Amino acid sequence: MKKFFILYFLINLFLFSENLVNIKDLYQKSKRYDNKIVRIRGEAIGEKIRRGKEICINIKDENEDYVIGVILDKKMSEIIENLGRYKVKGDIVEIEGIYYENCPFHLGKRDIHVMKIEVVLKGEKYTEQISIHKVIFSLFLVFCVIFVIYYYHKVSPIK
Amino acid sequence: MIPQFSRDDLKGILHYTGKLIILLGFLMLVPLFIGLIFKEWNASLDFVIVSLFSIFLGYSLITIFTEETELNWRQSMSITSLIWLIYMFIGAIPLFLSGHYNSYLDACFESMSAFATTGLILVKDLDHMAHCYNFWRHFMCFIGGQGIIVAGILIFFKGSSAFKIYVGEAREEKILPNVVQTAKFIWLVSISYMLIFTLFIGIINIIHGFSPPRAFFHAICIFMAGWDTAGFAVQSQNISYYHNPIIEIITLIIVLLGAINFGLHYVVWTGKFREIYRDDELKVFLISILILTFFAFWGYVKVTPEQNFLSNLRFVFYHIVSGHTGVGYTNSDSFFLKNWPEISLLFVIIAMGLGGCSCSTSGGIKMLRVLFIIKEIKKEIKIYTSPGSAIVFEKFHHIRDIQLADSHIKTSSVITILYIFTYLLGGIIGTTYGYPFLHSLFESTSACANVGLSVGITGPSMPNLLKIVYIMEMYMGRLEFMIFFVFISYLISLRSPE
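Here the protein sequences come in this chain order: D and A. Quick note: my numbering has the first sequence finishing at residue 203, numbered continuously throughout. Quick note: my numbering has the second sequence finishing at residue 1107, numbered continuously throughout.
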């Protein structure tokens, strides 16, 4: 039995872990990849969510709005330094792990249990350039508002 | 004959509309404050611009149209109809400026979805959105769910004007004798729950590794979208982002509280706890949730027998409650719903169509109307089975004992028929674009009943006409049709001098 499982594992590894799977494909062809080892690539976003001894990180497709949660242990998660959010481009990671359409360990959630993780592109923080046009337009509106309020309260005959 | 608008009517309408636009301008200071906290300077400037623009526009209107008289019915209905559209257009400006929407139409869609507490979204790359824009999306849900007019009543409307405009916003029940007191109570309850749940969810988030500012930011957004049964979320994965069953349970509690009649909240707050067990509307609501969960679950496990019982129940129950209360939160994704068996989807559609309790933040037909129809059927059966001389009547308990009257049935039936007709019409329109009828009906019902669950039709790439159809459905569904029809008839009367 044990040999059978090792064989099954190796076949999976051979068949499915060679090429990267698009996160969108994981959703669309979910049955095909269910309970199999997959390799995905995407941006780590949000936060490292603690779940007991595990960490859950959400990985977003680089080009589209498809996100999947991956479960990994704390030590593995330390490799990720930047998590994507406003003004932050998260680390781009490649993950190899077992994909579950209905995870038996996490009350049926769709997730990937990570076996291997690698940061392929470091994320970065952006600095904001304040738009001078917006500032000028705001000042113009401040003037308009002061004028109309003054007119309403002081000049307008009926209030 | 439809009474025509006079020049004075129009002056009064534009005057009060101006005041409500000023209110919107000041409300935009809240997301501006959030932007400053998170040091989002450019995004904050967008709120400065739109806030100032709203204040300028509002003041200009009240300066030009100075009439501040008692409102008549046609004015109050017109103000309500008009202000929801104006709020949509102005509320969409910061969203459009955020760069997360393909077009201004998409931003308007999201804005109406928020104000009408629907929860259907067209936003792109939500996970990288600035906090202040994201907060604005949720804050619009809060303003719309509480009622734009309910907010305005506290500041601008007094006496009979306040009552007329309160009724205009699809709230027939006065909780307290005075409408201003009713509005104050609605805000008191909401703010109290907001403080409790924000603190609670915030602490849970911190325990699970969120930084304190982000933890409380997520918490307040979850509360606002949940309590007002809107179903927006901070991240693109909605509630499934948290990977946390505790958050799912808390959101269920929040949405159930939000879907309960404010009148019932009031009697419970005043110490009459027994009313929870006695209120017939609440009983019908809870029984309906259980029955629909049972049938949806039955259909679901027939197709997926290999899956875990508890996890199946988790998803089915969550989606039925989400649909029935009108929140539209999901603990999964739209692909998940798309793959549901048709029979289970049908029961979710029924749950969405029925909606929550009357005088709550949810949409749809509403449980009080369903109760009236059930009671009337019961009464008819009694009439046929009783001797001819028997006097048959039906009573129900809703805050107090009430005898079922023909007026209850008449208004309930009209509104119910209008809802069902609109659900179907939207479904048929969706089908003309090539979507399967059941999916199309699902999306249409979700829009019109202000739910927000989706099987994947709603998205930035959907046809523009369908976006406009759903905007209209959300708008009319939120105002429960009649106010809108009355407004349209007044507008038509403007064109015909006879």
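Hints in this document: simulated from the structure, not taken from any laboratory. In this text the structure is predicted, and so the values were computed from the model without any measurement. Ideal placement from N, C-alpha and C gives every residue a C-beta, glycine not left out. It is possible that part of the hints are untrue.
Pairs of lysine-lysine, DSBU-like flavour, derived with a Cα cap of 35 Å [stated by the list, open to error]:
id : chain 1 : residue 1 : chain 2 : residue 2
1  : A       : Lys892    : D       : Lys92
2  : D       : Lys68     : A       : Lys911
3  : A       : Lys892    : A       : Lys881
4  : A       : Lys911    : D       : Lys80
5  : A       : Lys947    : D       : Lys133
6  : D       : Lys160    : A       : Lys947
7  : A       : Lys648    : D       : Lys68
8  : A       : Lys620    : A       : Lys733
9  : A       : Lys733    : D       : Lys131
10 : D       : Lys131    : A       : Lys984
11 : A       : Lys881    : D       : Lys133
12 : D       : Lys160    : D       : Lys178
Far from chain A, by Cβ distances over 10 Å, these chain D residues were calculated [as the list claims (entries may be wrong)]:
id : residue
13 : Asn66
14 : Lys97
15 : Lys104
16 : Asp109
17 : Ile123
18 : Ile142
19 : Lys160
20 : Val164
Here is how each hint holds up against the structure:
1. A C-alpha spacing of about 41 Å is found between Lys892/A and Lys92/D, which places the hinted pair above 35 Å, so the restraint is violated.
2. Taking the CA atoms of Lys68/D and Lys911/A, the gap is near 27 Å; set against the 35 Å cutoff, the hint holds.
3. The straight-line distance between the Cα atoms of Lys892/A and Lys881/A is roughly 16 Å, inside the 35 Å bound, and the hint therefore holds.
4. Simply put, Lys911/A and Lys80/D have alpha-carbon atoms about 24 Å apart, close enough for the 35 Å limit, and the pair holds.
5. The straight-line distance between the Cα atoms of Lys947/A and Lys133/D is roughly 31 Å, inside the 35 Å bound, and the hint therefore holds.
6. At roughly 31 Å between alpha-carbon atoms, Lys160/D and Lys947/A fall within 35 Å of each other, so this suggested pair holds.
7. As the CA atoms of Lys648/A and Lys68/D are separated by approximately 33 Å, the hinted pair is consistent with the 35 Å bound.
8. Taking the CA atoms of Lys620/A and Lys733/A, the gap is near 40 Å; set against the 35 Å cutoff, the hint is violated.
9. Distance restraint check for Lys733/A and Lys131/D: the Cα-Cα separation of roughly 16 Å lies within the 35 Å cut-off, and the hinted pair is therefore satisfied.
10. Proximity of Lys131/D to Lys984/A is assessed by CA-CA distance (about 57 Å); at most 35 Å being required, the pair is judged violated.
11. A threshold of 35 Å between alpha carbons decides the hint, and for Lys881/A with Lys133/D the separation of about 53 Å lies outside it, so the pair is violated.
12. Pair hint Lys160/D plus Lys178/D does not hold up; C-alpha atoms about 46 Å apart against a cutoff of 35 Å.
13. The Cβ of Asn66/D lies farther than 10 Å from every Cβ of chain A, with a closest approach of about 13 Å, so its non-interface assignment holds.
14. Listed as outside the interface, Lys97/D is consistent with that label: its C-beta sits roughly 13 Å from the nearest C-beta of chain A, beyond the 10 Å cut-off.
15. With a closest Cβ-Cβ approach of about 6 Å to chain A, Lys104/D is found to fall inside the 10 Å limit, against its non-interface label.
16. Distance check for Asp109/D against chain A: the nearest CB is about 5 Å away, which does not clear 10 Å, and the non-interface claim fails.
17. The Cβ of Ile123/D lies farther than 10 Å from every Cβ of chain A, with a closest approach of about 16 Å, so its non-interface assignment holds.
18. Every CB of chain A is more than 10 Å from the CB of Ile142/D (nearest about 16 Å), matching its label as outside the interface.
19. In this structure Lys160/D is separated from chain A by more than 10 Å, as the shortest Cβ-Cβ distance comes to about 21 Å.
20. Val164/D, annotated as away from the interface, keeps every beta carbon of chain A farther than 10 Å; the closest lies near 19 Å.
Checked against the numbered hints above, the structure breaks hints 1, 8, 10, 11, 12, 15, 16 and satisfies the rest.
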